[in-house]
Amino acid sequence: MTVETMPRLVLERVYPTTPEVLFGCWTDAEQLKRWFAPSPAHVTAFAEVDATQGGTYRIGILDHSTGKTHIVAGVFHEVRPFSRLVFTWAWQTPGEPPDETLVTVEIEPVGNQSKLVLTHERFPQVAMRDSHEKGWSGCLDKLAEVL
Amino acid sequence: MVKRLGSQLDLTFAAMADPIRRTILARLQQGVATVTELASPHAVSLPAISKHLRVLERAGLIDRTKEGRIHLVRLVARPIKDAHEWLESYRQFWEGQLDALGNYIDELNAKKRRKK
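Those sequence lines, one after another, are chains A and B. Basically the working numbering = 1-based index in the first sequence + 176. Basically the working numbering = 1-based index in the second sequence + 48.
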């Protein structure tokens, strides 16, 4: 890993569908349940998704080999229909503080297909703080203009 | 399902959240350096560099030793390696997820075609 850039995971895919359908795959619990299991040995046991800003989600993935259900949960920070989702991501382990990270899903049309860019970062607090700072400095700029 | 490392990872990523600290780490990947050497590419004062070095040291990413009057700084590779492995475990997880999403979309498209 090069240490010159902030360590983060960025994956890109192009799917033969519209941004509307692709967005729905992430925000509609029934659809999410159909695909969201990491291997044939896993099954999405349940999915609750409230894809609104500040809304929460919880997904349970049953691992057939161990009989255990892994639960991931988080909060939506940004929901921009058909183009952008930002949500926290934390695996829930009983008795341990959740390991909170940040996922951004960006969707854009490419010809008659759709490009999806997924970014996974470790430090949601930092990302949130930075965006707050940007918000603040924006406010201060406006204030300066008025004064 | 995905590797957990907890608070050390938070320390590592927080320490790496600053571009000056990342250039310091990149320089140290090439070998040991003095504080002055680390400060020279930056338009930043020596005290400011020392502050960055303290953050890196507290996060366990660097190690400082004194040889005579010179402070030598070296990289501690383990935490950065762990951060890399953590991202790799998520890469595998999401590659699988995005493949599964592709299969689902293919199914949807096939259904749509059958309906037509």
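Hints in this document: simulated from the structure, not taken from any laboratory. A hint or two may mislead.
Quick list of the computed label-pair ranges, beta carbon to beta carbon [as the list claims (entries may be wrong)]:
# : chain 1 : residue 1 : chain 2 : residue 2 : range
1 : B       : Gly144    : A       : Asn288    : 55 to 63 Å
2 : B       : Thr84     : A       : Glu284    : 28 to 36 Å
3 : A       : Pro257    : B       : Lys129    : 36 to 44 Å
4 : A       : Gln268    : B       : Glu143    : 20 to 28 Å
5 : A       : Pro273    : B       : Pro95     : 53 to 61 Å
6 : A       : Thr232    : B       : Lys160    : 44 to 52 Å
7 : A       : Glu188    : B       : Val92     : 28 to 36 Å
8 : A       : Val219    : B       : Lys129    : 29 to 37 Å
EDC-like mimics (lysine to aspartate or glutamate), calculated; alpha carbons at most 16 Å apart, straight line [said to hold, decoys possible]:
#  : chain 1 : residue 1 : chain 2 : residue 2
9  : A       : Lys209    : B       : Asp147
10 : A       : Lys291    : B       : Asp111
11 : A       : Lys291    : B       : Asp147
12 : A       : Lys209    : A       : Glu188
Please read all numbers here as calculations on a predicted model, not as lab measurements. Yeah, the Cβ is synthetic: ideal placement off N, Cα and C, and Gly gets one too.
Against the structure, the hints come out as follows:
With their beta carbons about 26 Å apart, glycine 144/B and asparagine 288/A fall outside the hinted range of 55 to 63 Å. Checked against the given bound of 28 to 36 Å, the beta carbons of threonine 84/B and glutamate 284/A, roughly 47 Å apart, lie outside it. A beta carbon spacing of about 40 Å between proline 257/A and lysine 129/B agrees with the range 36 to 44 Å that was offered as a hint. A beta carbon spacing of about 23 Å between glutamine 268/A and glutamate 143/B agrees with the range 20 to 28 Å that was offered as a hint.
Here the CB-CB span from proline 273/A to proline 95/B is close to 35 Å, at odds with the stated 53 to 61 Å. Hint check: threonine 232/A to lysine 160/B, Cβ distance near 32 Å, so the stated range 44 to 52 Å is violated. Here the CB-CB span from glutamate 188/A to valine 92/B is close to 35 Å, well matched to the stated 28 to 36 Å. Evaluation of the 29 to 37 Å hint for valine 219/A and lysine 129/B yields a pass: the beta carbon distance comes to about 34 Å.
Of the pairs offered as hints, the one joining lysine 209/A and aspartate 147/B holds, with about 15 Å between alpha carbons and a cut-off of 16 Å not exceeded. With a C-alpha separation of about 43 Å, the suggested pair lysine 291/A and aspartate 111/B falls outside the 16 Å cut-off, and the hint is violated. This hinted pair checks out: lysine 291/A and aspartate 147/B have alpha carbons roughly 14 Å apart, not beyond 16 Å. Restraint check for lysine 209/A and glutamate 188/A: not satisfied, since their Cα atoms lie roughly 22 Å apart, outside the 16 Å limit.
Comparing the model with each earlier hint shows violations of hints 1, 2, 5, 6, 10 and 12; every other hint is respected.
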